[in-house]
Amino acid sequence: MKIIIAGVGKVGALLVKQLSAAEYDITIIDLKQNILEDMVGRYDVMAVQGNCASMNVLLQAEVEKADLLIAMTEMDEVNLLSCMTAHGVNPRLNTIAKIRNPEYSDQVYKMRDTFALSLVVNPDRQAAREVERLLKFPGFLKRDTFAKGRVEVVELRVDEDSKLNNLALNDMYKIIKGKVLVSAVARKGEAITPDGNFVLKSGDHIFVTATMRELTIMLRNLGIIAHKAKRIIICGGGRMSFYLAQQLERSGITVQIIEQNYDRCVELANLLPGSCIVHGDASSTTFLESEGIEDCDALITATGLDEMNMVIALYGNNYKIPQVITKMSHIEQSEITDTLHLGSIITPKELCCNSIVRYVRAMDNQTGTAESVHSIIENKVEAIEFRVDEKTLHCGESLRYIKFKPNILVSCIIHGMDTKIPDGNSSFQVGDTVIIVSSGENVIYQLNDIFA
Amino acid sequence: MNYKMMGRFIAQVILIEAAFMIPALLISLVDEDKAAVNGFLTSIALILIISGILLFICRKERGGFYAREGFVCVGLSWIVMSILGCLPFYISREIPHYLDALFEIVSGFTTTGSTILADVEALSRGILYWRSFSHWLGGMGVLVFLLALAPLSKKNGFMMHILRAESPGPDVGKLVPKIKQTARILYILYIVLTILNIIFLLIGRMPVFDAVCTAFGTAGTGGFGIKNDSIASYSPYIQNVCTIFMLLFGVNFSCYYLLIISQAKNVFKDEEFRAYIGIVLGSIVLITWNLKDVAASLGYSGIRETIRHAAFQVATIVTTTGFATTDFDLWPSFSKSILVCLMIIGASAGSTGGGFKCGRMILVFKSLRRNIRKILHPQKIQVVKNNGRMVDEKIIENTNAYLAAYVIIIMISFIIISLDGFSTTTNITAVLACFNNIGPGLEAVGPTCNFGGFSILSKLVLIMDMLAGRLEIFPILILFSRSTWMRR
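Protein chains in written order, with this note's numbering: chain A, 1 to 452; chain B, 1 to 488.
Since the hints were made in silico from the structure, they are not lab data.
Treat the hints with care, as some may be off.
To be verified - Simulated restraints, written as ranges between beta carbons of each label pair: (1) G50/A <-> A401/B: 25 to 35 Å; (2) H97/B <-> G50/A: 55 to 65 Å; (3) L149/B <-> F404/A: 27 to 37 Å.
What the hints assert, rightly or not - Listed below are the simulated DSS-like cross-link pairs for lysine-lysine, each with C-alpha atoms no more than 25 Å apart in a straight line: (4) K136/A <-> K179/A; (5) K385/B <-> K17/A; (6) K394/B <-> K32/A.
Where is the CB? At the ideal position from N, CA and C, for every residue including glycine.
Extracted from the complex, chain A is given alone in its bound form:
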């Protein structure tokens, strides 16, 4: 499949990284020569320098032969024009555009056909939605949804004083009394596929596959207090904060936004009449205290600076706020950020990139390709959803008799309305949906790739 990525910014660069590893022919377009050179030196892609909205440049990138155009420049208008022009040249082209301006978002969605857009992405809105999901279910650091919302893979951290500390997984399952499966454990930057005798240590991040109902039981039985956030402070009044406050207002939650820029405060106050907009510097502790940071239920740091967000999150952690969510736009999540108590980390560019990669894989609609893919530990562990079809090997066989590649786990089988965490006696049938967790080196493109 031939893909053109126009605009190599934060999301664009991440997309190149993720997509170039697969068998896609990628051409990148950007205005800046040095960015292109850097990308060509690192990834197996071809570069065209120029304005991606110009037909001449698009033709140089061979848009007439391409299957997909992903417009990711900083300018919404350029993205739109680029998609429209490209679609004019090649009517069977799929197009994805990044539209960030809230003023456009509704109209662009409604006029998708006019603008020739197959998919519209908005990193800020996606991040806001993700934060909202986390707020609705406190206790998890991250939630990934599969099988149209029926199964979730959630991330939990094992703390020093947690019940999970020094607990073998078999004992943990006894305490929980529900059907859940620990599909992967991240320990000191290493990804481990655990078995029943695996003992959890404080500092581990565990990834649990379960249905929503079982997750509620799990949280209750593990004694993780999870009451819904009622009073929320958002530091920074950017686009993500706006989308988030708008959503939260609708669910009747009191939101307080702290923003440094006076004009932006006025603007927000106009747009969000139900929220409390405070003009001030969120990096000052005294100011935060005077705003009542001690008794808020959740703190979301969403200023434009990652460093600032991290520092405020650390303050928040110090005040023992039940839920802290940190936005990180540039800094990549790593072992170092994991050692800090930053709470949940939200990376808009990653969320945006994941949704595009999901679209690309769905477009690549050969038999047996993944329905959706979630990278659960960056570059190490992926959870992949597949549909079992006639060509799948080992249908109807008990899992215990099937030979799998190392570090492959069948973590859920969905048969009709029945969602099941499998054991050795389980099997999958044609028409089922399965969720595979892969923590090995091998890249899984098709379901049959998991068999040894």
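Add chain B to chain A, keeping to what the hints say.
Same frame as chain A, but now just chain B:
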């Protein structure tokens, strides 16, 4: 410096080399030539052992692979490949001195075609085949071959640095987004053209072995003949076939790709292609005009033979091949001067030919013109355009740096070579012939002579010149820079 990954690369390169020795080994087996069989078998065994050890030491590759690793890796690969590739010559005792054998194989891999042998016909067929095949392998580059075979991995992007370092030209790009596909397309074009060349030679009743070896020499624009008088004793038809194919291999291979994807218009608009054709035709006309009065004394009967010899010699020099149909050392000095200029200009970028490259020449002229205009209007802002597109200042800067390095290397080599006491013409054309990967020079290194008379030091200098010329200077120069080997 990522030594482990480089080690893996070098191990794979020499494995490919060993695999390509097998046909030569088979020819020697058929001929029942014990010395040559022994030479090839020992070399293959040695290469397998060395490559095995390297692969074992470097089994765990990790970390990045950047421009500097790419350059060093290419430079080292070529040196290691030459050191091991000359073993069959040496072990079979057909070239008794190791340094001579090394000179011969470097001349082969770099597609130079300079020889130290006085009597080529004395070599056995297996050895002759390996000698000619080294041109073919060196022409497109063994690392590009490796890239065409390389499995898909997340690190493929880094391989761009290797393609850049091994392929000639000021601005190496890809034909298609995937590097593996690009390398494959290049090799498929190369193989198809070579086979066409063999077929055309066979139609001219050339023996199969001669046709294959000559085609290898032509394809790589190398120039090792298998006869003492190169191509001179073959029929005029064969000479004309060689002329045409030499010129074809001197064209940028991306032009052929454009032809295939039916964009012929862009090929004929290409400034470098036009310059190349113009230079060739102009030189042929000038030399024919210059030779017409002395044709009888050179033994050429009529204008057609004169044109044939003029065309062949122009093609062989401009594409830096180095075959010969006549002793152009006997030509009048105007013709010889044109040939010396052609030596420096060389073929197109992205071809298998060597030299300074027409494309670079165009850039140098254009930037020179701009600088002259700047003297008149100091505040003037002007961009250099090529094929209607703005050329990045970095590329112009690199081209000018390349010119400087080119001149300096020629000067230094010239001075060292002069210690041997040959004439100035001999010395300067010997350096030009080696550095531009041509083969024959003038006077004592002319088309009927060889490089056997030089001292050990001169041969070493010429070997380095050939490698530097083929890899376009920087991959070899970087090996001598102290900061390359220092820890970051």
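Results of checking the hints against the structure:
Judged by the Cβ atoms, the range 25 to 35 Å given for G50/A and A401/B holds: they are separated by roughly 27 Å. Separation of H97/B from G50/A is about 56 Å and conforms to the stated range, judged on CB atoms against 55 to 65 Å. Our hint of 27 to 37 Å for L149/B and F404/A holds, since their Cβ atoms are close to 30 Å apart. For a cut-off of 25 Å, the pair hint linking K136/A to K179/A stands: about 22 Å separates their Cα positions.
For the hint pairing K385/B with K17/A, the CA-to-CA distance comes to about 32 Å; that exceeds 25 Å, so the pair is violated. Of the supplied pair hints, the one linking K394/B and K32/A holds, its CA atoms being roughly 13 Å apart against a limit of 25 Å.
Consistency note: the structure conflicts with earlier hint 5 alone.
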